[in-house]
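Trainee: Protein sequences, first through last, are from chains A and B. All residue numbers in the first sequence are consecutive under my numbering, ending with 490. All residue numbers in the second sequence are consecutive under my numbering, ending with 1178.
Each hint should be verified, as a subset may be incorrect.
Here are the simulated DSS-like cross-link-like pairs (lysine-lysine), alpha carbons at most 27 angstroms apart as the crow flies [claimed, not checked]:
id, chain 1, residue 1, chain 2, residue 2
1, A, 215, A, 302
2, A, 200, B, 1168
3, A, 478, A, 302
4, B, 1088, A, 215
5, B, 1160, B, 1046
6, B, 1168, A, 201
7, B, 1173, A, 215
8, B, 1050, A, 200
Covered by chain B, per the in silico footprint, the following chain A stretches (three or more residues, Cβ under 8 angstroms) [what the hints assert, rightly or not]:
id, stretch
9, 200-209
10, 214-225
11, 276-285
12, 335-348
13, 431-444
Computed footprint of chain A on chain B; a stretch qualifies when at least three of its residues, placed anywhere within it, have a C-beta under 8 angstroms from a C-beta of chain A [claimed, not checked]:
id, stretch
14, 1020-1030
15, 1034-1048
16, 1053-1066
17, 1080-1090
18, 1152-1161
19, 1166-1172
Just so you know, these hints were derived from the structure itself, not from any lab. Even glycine gets a Cβ: it sits at the ideal position worked out from N, Cα and C.
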Amino acid sequence: MSGHNESILREPLITGKDITYAKITDDILLPVENKPNKAWWIGFIISLCGATLWVVAVSYTFWFGIGAWGLNKTVGWAWDITGFVWWVGIGHAGTLISAVLLLFRQNWRNSINRSAEAMTIFAVICAATYVVSHMGRPWLAYWVLPLPNQFGSLWVNFNSPLVWDMFAISTYFSVSLLFWYTGLLPDIATIRDRAVGMRKKVYSILSFGWTGNVKTWQRFEAVSLILAGISTPLVLSVHTIVSMDFATSVIPGWHTTIFPPYFVAGAIFSGFAMVLTLLLVARKVLGLENYITMFHIESMNKIIILTGSIVGVAYLTEFFIAWYSGVEYEQYAFINRATGPYWWAYWMMMTCNVISPQLLWFKKIRTSIAATWILSIIVNIGMWFERFVIIVTSLHRDYLPSSWVMFYPTWVDVSVFVGSIGVFFTLFLLFLRVLPSIAIAEVKLLLKSASEQAKLELIKEGHLDKEQVNEYIESLDKFDSVKQEEYAKI
Amino acid sequence: MSNIKYILGSFGDPDEMMHGIEKLQENNIKIHDVYTPMPIHGIEAKLGVKRSRLDIAAFFFGITGTITMLTGVYLATAVDWPINIGGKTHFALPDFIPITFELTILFCAFGLVGSYYASTHLFPGRAPRVMDLRATNDRFIIAIDAKQNIEHTKIDELLKGAGALEVKYNERKYVSYE
C-alpha cells in the first residue's frame, strides 16, 4: 500500500506462488479449523505424560516439603533455581521479537512473533511454578506481596532482590499476556467469522467484538507501539533483576557487576534457541514453510551467534576479573568451576554455549534446517548447564571446608524439571490447535511489498538494476520453499 | 422507499479500496466506516480520524504507578515500620528503583490497554457488529449509509469503477446478529 516498492535486495518474507489474502488465512488457520494430525497427537500425548509427571512431582514436593529435593545445608539452591532462571531466560525471546524488533521495524518479526510470545507466556508459567514450589510453604506464597497483615503490619523487605523479582516476574507475565492477547483479537475475529455453531459463540466471546474498523485499527497500532516501547525496558529489567538475586549476594562467583548484561544476553540466546527448536518443527508439521522462511531461520541464527558470543566474552571476563581483582576467594571459585569436581558441567556449558554456536558463522550450517535444529537443542542444554554451574559450583564449596559437599538430585528434582518441559509443550501444542500460530493480520501487511510473488512481478516489469536482480535471485538459493527453476528463465 | 440500510463496497485490494474512498469523497458521499482485515496506513488521515491520545493516557497511568510505589514504600519503610539496617537511611531510594520501575510499567500497560478496550468498546462477550463476514478475512469493505446517501446507482458506479469486486445492499445493519 505505498507509492514505492521495497528494494529488490531485501529477501522475501513470504514465499510461494498465488498467495492471496484468502490463502494466508486458509493456510494459517488450517491446524485450528481441522482435526489434528498424527504428529500432533503423538507430541501431545508425550507432553501430557510429562505434565502428569510434573503434577506428581510438585504435589509430592508440596506434601513432603522441599526435603524431597536433593538440597543439603551447603547447597540450598540447585535444580529449582536453575530451572527457574532457565525458563525465564527462554521467555525473553518472545518479548524481544514482539517488542524490540517492532521498535526497530524489522518486518520479519511479523510471522514469528505470535508463537514466540506464546512461548514466553508458557515459559514464564513454568518459571513461576518453580518460584512457588521452592518456597517450601507454597500456601503462604502471598507473603511476598506487600499486603497489610496482622503482624504489625510487618511489610515485605523492599530492599531484597527476591521481592524485586516477584514484582518483575509478575509484571512481565501480565504485560506479556496483555500484549499477546491484544494482538490476538483481530485473528480471533477471523476465526469467529468463519466458524459456525458453538465454535462461533466461543470465539465470539474471546474476540471482544472485534470488527476491524478504522478507529480500532488505528488505536490498535498506537497501543502496539506503546506496549512495545514499555516492554523493551521491561524485558531487560526482568533478567537484570533475576541476575541481582545472585549479584547482590556476597558469594564468590555471584558477586559480580557483569551479571545483569551477561544474564540478559544469555536469556536472549537461549530464548532464540527455543524459538528455533519449536518453530522448525511447527513449520514442517503445520506446513508453514512459506511464512516462516529460511530468511527467518537465518536471521535468528545470526542473533544466536551474536548473543552466544556476548555470553562467551562474559565467561572470559569473569575469569579475567577474578584474576585481576586479586581476590583469592573469587579466584578459587572460578578455578574450582573449571577444574573442580564439577568440571564436566563447566566444560559442557563452554562447549554448548561458546564453541558450538560459532559453527553458525558458516552459511551452509546456518541455512541447514537439521543443523540449526540440533544446534538449538545444544544451546538449550548449554544454557541449563550455565545456570547449574553458576548456582551449584559457587555454593558447594562454602566458607568452611568441613561443609564442602556435592549436590545429588533426587527423582523429585528430575521429575519437576522434566515435567515442566512437559507442561510447556502441552500448553504450546494446545495453543497451536486453538489459536492462530502466526499473526494473520500482520503477515497480510507484507503480501504486497515483501512477498516473493510481488518481487517477481517487479523483476518481470524490468525496470530494475540487473546486478541487483541477480543478487536477489542468488539469495533465493538457500530458501527451501523457493523453486529455482522459476528464475532460470529470467 | 427501499429497506436498504447500508451499501457495502467489497474490495480485494487495499490500494483499490483507498482509490474508492477518494472517489466517494470527491463526490461528497459520506463514508460510514471502513472494515479491513489488517491495518491500512494513511487511511485515518483520509477519513479524518483524529490522532489517538492513548499515548498521553499511557504516560499518566505510568506516572500514577511511579507515585503509588514510591508513596507505598515510603509509608511502609519510613513511617509505618522503620527498620534500622546498619544505620542506613530508612527510605533508601536506590533500592526501590527496580520495583518502582516495574509498577510504572504495570500501571502503564494495564491503564493503556484498559483505555483502549474502553474507547473502542472491546470487552469479552460483546456482540460483534459485523457488516460483512469477509472483512476479517480477505475483503476490504467500505460501508455507506444508504438512508443518508440516496444516489445508490451513482455509489454503485463509483465503487465498481474504483475496482470493487462486489457491491452489497444490506437490509440489516449487522449480519452477525442472529
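Trainee: To test your reading of the hints: which numbers does this structure violate?
Mentor: 1, 4, 8, 11, 12, 14, 18, 19
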